[in-house]
Amino acid sequence: MRTGLARDLGIGLLCLVALLALPVLFPHPSLRDFLIYVIAYGLLAMSLNLLVGLTGLVSFGHAAYFASGAYVFGLLMQGGAVSIPVAMLAAVGGTALLALVIGAICVRLKEIYFSFITLAFQMFIHSIILTWVELTGGDQGLRGGIPRPPFLGIDLGEAGTLYGFCAVVFVLCLLVMRQVWQSPFGYTLRMIRDNPARANFLGVDVVRMKLGVFVLAGIMASVAGIIMALFVSGAFPEFGFWTTSGEAIFMIMLGGTQVFLGPVIGAFLLQLLNHYVTIWTHHHGLVLGIVILAIVLGLRRGVADYAAAWLAERRAASRPAAVPGPAETPAPAETKAVG
Amino acid sequence: MLSVENLHKSFGGVQATRDVTLDFPAGSLTAIIGPNGAGKTTFFNLISGHVRPDSGRVVFDGADVVGLSSLEIVRRGMARAFQVASLFPSLTVREALTAAVTAHQRRSWSLLSRFPLGQSRARVEELLELLGLAPKADLVSSSLSHGDQKLLDIGLALAMDPKVLLLDEPTAGMGPDERWRMIEKVHHLWQARRLTMVFIEHDMDIVFKYAQAVHVLKYGAVLAQGTPAEIRRNQDVIDAYLGTDHHLAVATGEVPA
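Chains P and C supply the protein sequences, listed in that same order. According to my numbering, the stretch in the first sequence is residues 1 to 339, in order. According to my numbering, the stretch in the second sequence is residues 1 to 257, in order.
Some clues are possibly wrong.
[Claimed, not checked] A few chain P residues that face chain C, going by a derived Cβ cut-off under 8 angstroms, partial list only: (1) V180; (2) Y187; (3) T188; (4) M191; (5) N200; (6) F201; (7) G203.
These aren't lab readings, by the way, just hints derived from the structure by calculation. Every residue gets a Cβ at the ideal spot worked out from N, C-alpha and C, and that includes glycine.
Work out the full structure, taking the sequences as your base and the hints as a guide.
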């Protein structure tokens, strides 16, 4: 619907303005760094949530595409033959191809088997990065920095411009994912999440749909990797290690899977926690663990999901009993066979 | 429209379907009855391509569909509703029907447009009216009553605009009054859409009142087939299934509204 699209574009524009205004209003360099981390990891978590929250596919190996985006981009820029936009497109395209090949194998498996094979592929890619030292620099990562030659009058060597560029790319990616989320494709993915067998009986090609969203999620993760590579001016094996995938899952759990922007909120909260907890104690892993436990056991869902449910409840309570209607008895959990 | 010839299927040592040959003419309303474990649901699984038969033919709309995937068979126009309603719990009634209609219209891959598509709207409203679910269109599927869940399950199948609709116990888990309301609705759908309908049912009163033809399965084999009147008099069926207490007398009597 046109109105939905206009609303999303409006909200996207507001987000962009807010992101661009924040560092101007509070001109502290560490705020900009903090926000770029939120942007890169938020995008990674958002892309993973296309699989987890929208399709019900829990991938443990999503950081593979984050790393692939960062490395392909970094290597092309170090090669010096192409401009930044071309290297970005190539990194995204290369990652899409990688996700297509890996996804074609993974999406045939279900549930925990899917999770583990994605993890296995990620470890495979991680060990390629570690062992192919001449190309990737092994455990040292891509050293020597990533050159950022100006293009179309944009000089990403300047910190403020780099931040603005990342913010724009981030919001564009959010808008693309929002479109996916609200499209017939997105609703078909919800069918698959809720009941894949039934979706199949309604003529949905479940395997191909899953592969489609797997590639899309990989593409979005590669953009997050490119932003990270641009920001830290390098690429490191940790980008493709399982802990990076784990962190993205943490963010999703913290923020919520069902509210569209939940994962970004999770990324923000996790970075905030990381930032403040590390100032106060060396045992930040312990503190993070306790916070995650409190949210998982206490709220039983991410913060944004919890807030959305709470708001919906309040709205329902404040609405006068407008629909009197006969009270329906809820369905029995188990239907008895009539014999 | 649909016929099966010499269909066989065994699971390990159990012969779930043995030499079943049945015909379902276009526009017919056929009941399949049989004691528990007679292979009724397996029979549905075989013709819908969910389970592959060991031998035999399933001719649907003029073509042998044995060996085709369930997806291909669905796309040829065979839809199915389930004994335990198989829904999309987190979607609302309207969303679920719209997504199903969208799948039928082959627009599931549409990435650049917004849900719901304009072209699905009329069809969805028509289905909501037909099912009587319009007042509950914006409720989440999992919050519906049992009967409404069963209706929505059938509605999802109807969204496919099927040529053949297989209903696995449409009245399962319902009280007596609710059952009659349900089967009347099913009967109404059949009349309204003129599709070929096959339903599994345990309630003999319902079977004898509504079915045009009755196929009786026992231990995976066809015990009898015929019109309700013929089946009612069939000694094999009485011995094996209906019993001698002549609960059949009820079927000829008054039917609760």
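Provide an ascending list of the numbers of those earlier hints which the structure does not satisfy.
Hints that this structure does not satisfy do not exist here, as all of them hold.
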